[in-house]
Amino acid sequence: MSVSKTFLALLEGGASHGYDLKHEYDARFGTDRPVAYGQVYATLARLLKSGLVTVDAVEAGEGPDRKRYAITEAGVADVERWLGSPEAPEPYLQNVLYTKVVLALLSGRPAIDVLDTQRAEHLRVMRELTSRKASGDLVDQLICDHALFHLEADLRWLELTAARLDQLAEQVTR
Amino acid sequence: MSAPQAATATPVSGCPGEGNLISCINLTKGFGSTAALDGASLDLAAGEIVAVMGPSGSGKSTLLHCAAGILVPDAGEVIFDGEQIGRMSDRRRSELRRTEFGFVFQFGRLVPELSCAENVSLPLRLSGVGRVEAARKADEWLQRLEVQEVGRSLPGEVSGGQGQRVAVARALVTRPRVVFADEPTGALDSLSGERVMQLLTAAARDTAAAVVLVTHEPRVAAYADREVVVRDGKTRAN
Numbered sequence: 000m001s002v003s004k005t006f007l008a009l010l011e012g013g014a015s016h017g018y019d020l021k022h023e024y025d026a027r028f029g030t031d032r033p034v035a036y037g038q039v040y041a042t043l044a045r046l047l048k049s050g051l052v053t054v055d056a057v058e059a060g061e062g063p064d065r066k067r068y069a070i071t072e073a074g075v076a077d078v079e080r081w082l083g084s085p086e087a088p089e090p091y092l093q094n095v096l097y098t099k100v101v102l103a104l105l106s107g108r109p110a111i112d113v114l115d116t117q118r119a120e121h122l123r124v125m126r127e128l129t130s131r132k133a134s135g136d137l138v139d140q141l142i143c144d145h146a147l148f149h150l151e152a153d154l155r156w157l158e159l160t161a162a163r164l165d166q167l168a169e170q171v172t173r
Numbered sequence: 000m001s002a003p004q005a006a007t008a009t010p011v012s013g014c015p016g017e018g019n020l021i022s023c024i025n026l027t028k029g030f031g032s033t034a035a036l037d038g039a040s041l042d043l044a045a046g047e048i049v050a051v052m053g054p055s056g057s058g059k060s061t062l063l064h065c066a067a068g069i070l071v072p073d074a075g076e077v078i079f080d081g082e083q084i085g086r087m088s089d090r091r092r093s094e095l096r097r098t099e100f101g102f103v104f105q106f107g108r109l110v111p112e113l114s115c116a117e118n119v120s121l122p123l124r125l126s127g128v129g130r131v132e133a134a135r136k137a138d139e140w141l142q143r144l145e146v147q148e149v150g151r152s153l154p155g156e157v158s159g160g161q162g163q164r165v166a167v168a169r170a171l172v173t174r175p176r177v178v179f180a181d182e183p184t185g186a187l188d189s190l191s192g193e194r195v196m197q198l199l200t201a202a203a204r205d206t207a208a209a210v211v212l213v214t215h216e217p218r219v220a221a222y223a224d225r226e227v228v229v230r231d232g233k234t235r236a237n
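If you're matching them up, the sequences are chains U and R in order. With numbering that gives the first Met the number 0 applied, the first sequence corresponds to residues 0 to 173, in that order. With numbering that gives the first Met the number 0 applied, the second sequence corresponds to residues 0 to 237, in that order.
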């Protein structure tokens, strides 16, 4: 997730202080991973330096001055470019589970146990997400669905691998 | 609804399945030279939802049919509430399936000549409930499954998702203690399937019915409390 692009896009809705920007980001996108304050101000400093935002007001207070950030025309163009560009699909060509399966086969351990253990853990997380969906709003449901579909894809691979273990064992131990 | 007393079944005590509502113990079942089950076991506690997972042809539907008394295993025992199903008379087994069990299949299997409401009231009518009371309960369940508007329609006139909700209503209208669901969302798109699962599991939990849910879809299995995997006719519980 690009925090800087997301901040920029949020600033299109109106100028904002770093504190408010962090809270809007966390509320909308940071369900499990809120952005740290240090990252918020470092990100805004970079955006300021590259001319994508500007400081449109400074309020003096008891602590440090509070800056209000606004997006520039260059910033709007940057957001447009970002939203219009596809994200690179992640091919997942290297994965730990495949490595574990192969190593189990090479060492003569039951590789099916590796797959079964992983299936149980995936389904445990899927149950949690399914339960969270039941009590969540549409935003929460869509976030959980995204995770559920990815976990399901892992499990489909896992089933396929389980069905081909004998063939795989023959190939890797040849 | 309390269980009618068995006429010929033998109560079992001190057996491995004691304490469970259903216990399938070391079942084997063959069709010709094909072994569909080869030492499969399944325990189901009252009110529990268990997903039976596995690839096509692994034996998971055969396990469900044996657990429900539809198929008789070649060896092993199926115990329901302390009674060995294999020792029950055909009449008692039929009665059990009508009163204690509910069924949901992949394609609904609604009676095409009857309206959706009549399909739901049918199990009640077969159990001797009067027409008016059966119709009232059918309406109540159609409403609960959010398909009251299709009550007068024939099954062929409703969508797949609506038909499956009618099938769930029919399965639960008798307040069974166990619902057997065999790929209940297999013919539905993601959104319809999800709604069917939400309504099925919510209704089962409300009525304290246990569910045996056969599925090859992990997202469907995630509605269950736990899963049992069937592979080559053998079960592995996680």
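Some hints here could point you the wrong way.
Unchecked claim - One-sided and incomplete, this derived list gives chain R residues near chain U with beta-carbon spacing under 7 Å: (1) D37; (2) P54; (3) G56; (4) P217; (5) R218; (6) Y222.
Just so you know, the hints here were simulated from the structure itself, not pulled from any lab data. Cβ atoms here follow ideal geometry from the backbone N, Cα and C, with glycine treated the same way.
Evaluated hints:
1. D37: Since the shortest Cβ distance to chain U is 16 Å, the answer is violated.
2. P54: 6 Å, holds
3. G56: 10 Å, violated
4. P217: 4 Å, holds
5. R218: 5 Å, holds
6. Y222: 6 Å, holds
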